Amino acid sequence: MSTLSETNALDALRLPPASKAALNPALGRWLLNGFVGLVLVFLLLPTLLVVPMSLGEAAYIQFPPKGLTLKWYEAYFADADWMSATWFSLRIALATTVSATIIGTLASFAIVRGSLPGARALQALTLAPLIVPHIVLAVALYLVFAPVGLTGNFTGFAIAHTMMSVPYVMLTVSAALQRIDPALELAALNCGATRAQTFWHVVLPNIAPGVAAGAVFAFLASFDEATVAFFISGVDGKTITRKLFEDIDYNLTPVIAAASTVMVVLSLVLMGGVEWLRSRNAASTR
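This note's numbering applies: residue 40 is where the sequence shown begins, and numbers increase by one.
Hints listed in this document are in silico derivations from the structure and should not be mistaken for laboratory results. None of these values were measured; they are calculated from a predicted model. Using N, Cα and C, we set each Cβ at its ideal position, and we do this for glycine too. Some clues are possibly wrong.
The calculated label-pair distances, taken between Cβ atoms and stated as ranges, are [said to hold, decoys possible]: (1) VAL80 with GLY311: 19 to 29 Å; (2) PHE193 with GLY153: 24 to 34 Å; (3) ALA160 with GLU285: 33 to 43 Å; (4) ALA65 with TRP315: 44 to 54 Å; (5) ASN72 with ALA214: 23 to 33 Å; (6) PRO103 with PHE74: 21 to 31 Å; (7) VAL183 with GLU96: 18 to 28 Å; (8) PHE74 with ASN192: 44 to 54 Å; (9) ALA160 with LEU82: 27 to 37 Å; (10) LEU223 with LYS110: 30 to 40 Å; (11) PRO103 with VAL137: 34 to 44 Å; (12) LEU71 with VAL137: 20 to 30 Å.
Put together the whole structure using the sequences plus the hints.
Written out as structure tokens, the structure is:
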């Protein structure tokens with residue numbers, strides 16, 4: 040009799056199948072959300088800590104900051120060396136963006152739409168700068184550039200950063216091209232359009248979001264690049280990343296945090312623009 044009572048009690052405590060089914064997905068979602076939150080904190084916390092460090096009143100970097108001030112941003116924008124390095128980096132990044140976007144877009148079209156022999160091998164070769172360690176690439180570029188006077192100047196940086204940024208453009212543009220029905224291009228050609236007209240009026244408008252995303256990635260890859268800059272910078276040609284490295288060693292003040300925050304804000308604005316273009320394009324194609 041007691042055994043029967045114990046069995047009934049256990050049955051009463053057991054959740055019905057429907058409740059178990061509802062509990063397991065809820066628990067899974069909770070665990071997944073918690074894991075994603077931890078990953079985001081792990082990835083973003085070091086970057087976000089730079090912002091309050093740039094606002095502290097102390098003459099040295101500290102966290103949490105004591106008091107709030109914008110004087111370190113004023114010092115950053117008033118310092119001739121910081122402004123020279125910043126504008127030098129911006130000029131290089133803009134030149135890199137233009138050249139890498141043109142080269143990467145045309146190369147992607149030739150590989151995806153063309154009938155080149157060994158197209159896959161060629162595509163893999165163009166992605167080599169993403170695979171080869173940057174320190175190896177930096178040493179190689181220095182050994183090639185130094186004898187011909189391409190270190191410490193705009194031209195050398197533009198060439199090096201273009202070579203490193205083209206793969207980003209090719210990845211986004213190739214993905215955009217593969218989503219376009221080739222029948223659209225054939226229809227334009229059958230209607231009498233030349234290949235150049237077909238590319239300009241049919242292909243390019245459809246891959247514009249991919250081209251824009253590649254351009255932004257190329258800009259950021261150049262503006263944030265540090266390893267190659269460390270090798271091929273000079274006294275008169277110094278990027279903002281090289282300036283950051285030097286000040287960390289010899290002049291560690293909150294101005295470094297202010298400069299880093301400016302770089303973070305610029306990156307976020309550009310990435311936000313890419314996301315806006317992507318969502319706008321998705322809405323227009325519905």
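For each hint, the structure was consulted:
1. VAL80 with GLY311: 19 to 29 Å: 21 Å, holds
2. PHE193 with GLY153: 24 to 34 Å: 33 Å, holds
3. ALA160 with GLU285: 33 to 43 Å: Distance hint for ALA160, GLU285 holds at roughly 41 Å.
4. ALA65 with TRP315: 44 to 54 Å: About 34 Å separates the Cβ atoms of ALA65 and TRP315, which means 44 to 54 Å is violated.
5. ASN72 with ALA214: 23 to 33 Å: Holds, at about 29 Å.
6. PRO103 with PHE74: 21 to 31 Å: The hint (21 to 31 Å, Cβ to Cβ) holds, given that PRO103 and PHE74 are roughly 27 Å apart.
7. VAL183 with GLU96: 18 to 28 Å: 47 Å, violated
8. PHE74 with ASN192: 44 to 54 Å: Given range 44 to 54 Å: holds, Cβ gap about 47 Å.
9. ALA160 with LEU82: 27 to 37 Å: For LEU82 against ALA160, whose Cβ atoms are near 34 Å apart, the range 27 to 37 Å holds.
10. LEU223 with LYS110: 30 to 40 Å: Hint violated: Cβ distance 57 Å, outside 30 to 40 Å.
11. PRO103 with VAL137: 34 to 44 Å: 42 Å, holds
12. LEU71 with VAL137: 20 to 30 Å: Once the Cβ atoms are compared, 42 Å apart, the range 20 to 30 Å for VAL137 and LEU71 is violated.
Taken one by one, the earlier hints fail for this structure at numbers 4, 7, 10 and 12, listed in ascending order.
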